[in-house]
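Whole structure, please, built from the sequences with the hints as guidance.
Chains B and S are the protein sequences, given in the same order. Using this note's numbering, read the first sequence as starting at 190 and increasing by one per residue. Using this note's numbering, read the second sequence as starting at 3 and increasing by one per residue.
Keep in mind that the hints were calculated from the coordinates and are not lab data. Each hint should be verified, as a subset may be incorrect.
[To be verified] With a cut-off of at most 25 Å between alpha-carbon atoms, the simulated DSS-like pairs for lysine-lysine come out as follows:
{"no.": "1", "chain 1": "S", "residue 1": "Lys563", "chain 2": "B", "residue 2": "Lys298"}
{"no.": "2", "chain 1": "B", "residue 1": "Lys361", "chain 2": "S", "residue 2": "Lys639"}
{"no.": "3", "chain 1": "S", "residue 1": "Lys660", "chain 2": "S", "residue 2": "Lys563"}
{"no.": "4", "chain 1": "B", "residue 1": "Lys346", "chain 2": "S", "residue 2": "Lys349"}
{"no.": "5", "chain 1": "B", "residue 1": "Lys361", "chain 2": "B", "residue 2": "Lys392"}
{"no.": "6", "chain 1": "B", "residue 1": "Lys345", "chain 2": "S", "residue 2": "Lys349"}
Predicted model only: the values in this text are computed from it and were never measured.
Spelled out, the chains give:
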Amino acid sequence: MEVSVIGNPQTKKIYRAELTYRELGFRFGSQVISGDSRNRVSFLTHQSSKWKEIKIQSSPRSVRCEAIVSDQAPFLKPTPNSRSLESVKLFVGLPLDTISDCNNVNHLKAITAGLKALKLLGVEGIELPIFWGVVEKEAPGKYEWSGYLAVAEIVKKVGLKLHASLSFHGSKHPEISLPVWVAKIGEAEQGIYFTDRYGKQYKDCLSFAVDDVPVLDGKTPMEVYRGFCESFKSAFSDYLGNTITGITLGLGPDGELRYPSHQHETNLSGAGEFQCYDKHMLSALKHYAESTGNPLWGLGGPHDAPAYDQQPCSTSFFSDGGSWESQYGDFFLTWYSSLLTSHADRVLSVASSAFKGTGVSLCGKLPLLHQWNKLRSQPSELTAGFYSSGGHDRYEAIAEIFAKNSCRMIIPGMDLSDEHQSPASLSSPESLLAHIKTSCKRQGVVVSGQNSAASVLGGFERIVENLKDESVGVDLFTYQRMGAVFFSPEHFHAFTVFVRNMNQFELSSYDQAVEGDKAKTMSIGSGTTGAASLQTA
Amino acid sequence: MSTVPVEPLLHHSPLRRTSLNGARGFLPSSLNLRCHFTSKKLHSIGRSIASGNSLGYLSSERRRSVAIRASSSDTALVETTSQSDDVIFKETFPVQRIDKAEGKIYVRLKQVKENNWQLSVGCSLPGKWILHWGVSYVGDTGSEWDQPPEDMRPPGSVAIKDYAIETPLEKLSEGDSFHEVPINLNLESSVAALNFVLKDEETGAWYQHKGRDFKVPLLDDVPDDGNLIGSKKGFGAIGKLSNIVVKPDESGADVQEKGKSSSGSTKERKGLEEFYEEMPISKHVADDNSVSVTARKCPETSKNIVSIETDLPGDVTVHWGVCKNGSKKWELPAEPYPQETSLFKNKALRTRLQRKDNGDGSFGLFSLDGKLEGLCFVLKLNENTWLNNRGEDFYVPFLTSTSLPVEPEAAQLSEKTPKTNQEVSESGFTDEIITEIRNLAIDISSHKSQKSNVKEVQINILQEIEKLAAEAYSIFRSTTPTFTPESVLEAEVEEPEIKISSGTGSGFEILCQGFNWESHKSGRWYQELQEKADELASLGFTVLWLPPPTESVSPEGYMPKDLYNLNSRYGTVDELKETVRRFHKVGIKVLGDAVLNHRCAHFKNSNGVWNLFGGRLNWDDRAVVADDPHFQGRGNKSSGDNFHAAPNIDHSQDFVRKDIKEWLCWMRKEVGYDGWRLDFVRGFWGGYVKDYMDASKPYFAVGEYWDSLSYTYGEMDYNQDAHRQRIVDWINATSGAAGAFDVTTKGILHTALQKCEYWRLSDPQGKPPGVVGWWPSRAVTFIENHDTGSTQGHWRFPGGKEMQGYAYILTHPGTPAVFFDHVYSDYRSEIASLLSLRNRQKLHCRSEVNIVKSERDVYAAIIDEKVAMKIGPGHYEPPSGSQNWSVAVEGRDYKVWETS
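Structure follows, in structure tokens:
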């Protein structure tokens, strides 16, 4: 067993003696906050009028001791089950409109300065949203990567890692649409977009039902996505595996695996509506109904689902004992959610075969549909396509798909806390997050975190809690998103404190980088006895 | 790339200030021999420039350590003759390159004959060396000096006060740079030790030993403070010195006695031994070189051929660009480029000059398109060393076909905003910042530095982060407003403007704030002021700041309503005009107080909220920013902070800006204002101010950007760079079209004077710590105004210390502003003397300040080498040297001298 003490020389001196003492019993003349099954001990000591938090974290192989001096870390209170934040890699998202649709880098100077600032701050990397509608804008198979390549080069020069998000969706703010040629096809041929029961199309994402239908100039969307991925791979081959360490596949609206159940409504008072009314969806439903022996159920979606602006329980579908729990409900929701699952499977397999051997990790993002999740029906999840028959775990099947494709799952909303939700929305982001994390853990899926991009920046307190959560170790967190607000003095300061709390030693760790200074690593014994003694403390 | 002319001779290490405990370990070692000196005891401020990567020289400071000075003097050889028609420009610029010369100081004690010992102090470097020395007698305690006995004083010695004498070192032989002075010791006297420091009259630098006086013990029991020389104990000091951080690769880094060759012959006098010790020193020696530039017009090709020739040794790179279309912006010429040319960041070209065959300097030829208007360049000697022309780029104007002789003087001295250089240099060095910080960190870690340093580095890194974030913020934000295409804005941010800046006056301005918080009460302030016009003019003021003139909801005028109604509590519009006329007559320019951030509404909207305006500018709620819920504006979000008492104007609206510009122009014309004092400019983006200044073309403009300084646990931080950076950022955003009140300086003066912490008045670079230290020509220094003082007293200057404040701002660079209340107070005559001194000595906003002392209880500086000043209870006298100082003004805890 090895104990390494990382820190600057002075703190080291202080604690070395204590550490030796600690081996005997980890009594510090003050309280022992926790010592749990994963061999982590945190304790506080009051010394020379400054609070210093010391954590000892150990695993059978190694014991690490960090002396963390927190001068001003208002929210870094040791909590039970807390784990070290040092292992969490922090990424920051670039603006969605980093590259204009003419392939120029917007705010180049600001981004360059910003990246340098982040690098100095100790941020690990940058997330870059890459839009289908920018790269393959004019014609199928005609890719223009220059703008994004320029950004990759900047990121590389600054010495940051890059996480590319391949986005097969469009965006309203800022306005980025699907490729022009795709939009043209959409005009000409009805039914490639998600459509609600009023016939309104969601033009920022193709319907899951056309995944394998050759609607795009004789090609299926999946084939087009594959081409996109291959082109990306060859264009960025110099960066893959070194600068680019991760790729996120866009799985649906806003990149999230879901139906656009709210379309573009900004008012989320309702639970959203089912988006199963495009031509291909309806025909698939019909087919499915016939195959299960209920042809009448295949004529359309649920008739008693509430409208966008209606309360979920104002009609009978989502009420307790309502249609969703009926046989019909089970039939419909099973079908509706199976399309979502199979879409995820298709995209992720395309990507995993395309990027096999490049050394990058693949990710897919889920939504955090916490609105109304205190209702038994959890209607927001249902309209978005998350359902499991018989009250089983609605995320299990999805997590399985992720596991199968060795894909990480990005869960957003890590900044949301229950107390900030309006009671009327019956929402609990915290419990939903915990739930999804558990599903992932069960399937062995690695979880990455994000904040809820849509909401205001901040929420660091909650993020830290989430990242420290023992039960599922989040090892990568992407903070969304860079921009004017991000760098505003009010926000940036808070962000700085947040990062510094995560990377206590990032700034001084140059000591380690350049040294061969033996004095800094200290070994006490080896074997399991050391670990045992720590464990018993 | 920096072209800052530098004066780093007297640096103050930040470590000294910030980490008292840690400082010892970080005293730069190799030439810790320099110090200012005036009082009886030398204060050990010695520190080294050589340790360029010691902590003090992080990033931005780095360029200040460039030891080079370029100047073009009046003697510059200018020829624009017609004798050779094709020569269109010819000039030789003298440049001064400062070299570091290394040498040694040695001390030798030898026995000439029995009972006759001689101590020699010598130095191997050229210079005008003076030994400044005294003795300690047996039984003396403490470190005070005494005059040596008469018979010990070598001929030519001069007594300094009652504790020291100065003896010049003589050249050992002609043609040799060794200087030495021998002192015959009188061993019958009770002299216990000899103390000295070495002074170089040429540079005014003082050389000490390990931060203290040199001390040669003549008795065994002289207390050892680590500065003994030649004693046994002195040798033992080696161990003691080992905690000095030594940069391993530095040659001669050891302060420790090197060539110790003591004879070891023990004689009388309680074990007095012969010895010989040397200590390395270095000194900056100016080398004069020149750069000759000749431009010829080649009639055949209609190209301009520029030849640049210099006798500077080593590789010289010309960093250049061309000017076209009447602007002095650096632009890239069309290809082809000369040999050995590389492109630098798409902004400039770098051409290495060819070495001359005789190895004596280098030259280069540049063939440029005939249509270009000029060539700008600076010279680069190495990574850190740049040469420019008195702080400006070298500029070679090409004549157009009219072939009129240019006035080269004007061309080359024409006003450029300092921003130019700054900006250019900025981009050059921020790119390297990361590597640099890393190097620094490596450097530090190899020193096994103490915690305080890591912390220091972290703080520095954090500051750099903040700076970068601020930059990112300003661009992200400035590209958000929709009124101008992004590219235009980007260009504005990127291209430093090079133009004759309006809005900053002649540089010799002295402001008077012509009102206080009560002035509205009489109802006839304008008339009262008129009566004072002659008086204010004779006091020496050149600019008068009048109160806000518009109709206002509050009587003081800062809650304007109808901007076109200039009848206020101060008087009628006609009285205002008459006042302006009156002051113009006595030669005083007049500033109007323009409140542009907010405006009180005339009417309520349908919700009962006051946000609809009347009068000639009958704006609706689109003119009100959207992010103040009190006023339900329909405009965009504010581009700055909000002032909550009235609707904040949305300057991003075209119609608003158009109206404001029109209004300002109207005020210029109708009232006759010469310029503006801009109220609460924190409330909106500086870029809009630029827009307004460009439209109204003021002679002088100053903005009130007032926010809080930085404090830690109630104590003001020494480093207020972030604070002044915000002000400078604002000035930058206005493209330098307006100056700003130097709130930083006021704040630092508060603490320095109140708590007797005068050391605060020098920043780590040895410059003034306020805005005036960074951008003096845009800093308007003041100690009080109607808000901070008067009957409001929001942030009053420490009582009784006002004159120290004025002694500071009225002698220093920047444009000083004197508050009305102080003019008409007991201080009047003292202020009058300072004003007349400033005018008499022609101190101006860009005057050069050389801080010679900044200690606990005294701060002293010499300005433009003709005015010396000190504030604080401590002692200071200007150096007695070639200059003759006479006291000009004197008062409680301050004193100002001038050369006669």
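Hints versus structure:
1. Lys563/S with Lys298/B: At roughly 40 Å apart (the allowed maximum being 25 Å), Lys298/B and Lys563/S break the hint.
2. Lys361/B with Lys639/S: With Cα atoms ~20 Å apart, Lys361/B and Lys639/S stay inside 25 Å; holds.
3. Lys660/S with Lys563/S: Roughly 18 Å between the alpha carbons, so the hint for Lys660/S and Lys563/S holds.
4. Lys346/B with Lys349/S: 20 Å, holds
5. Lys361/B with Lys392/B: 10 Å, holds
6. Lys345/B with Lys349/S: 22 Å, holds
Checked against the numbered hints given earlier, this structure breaks only hint 1.
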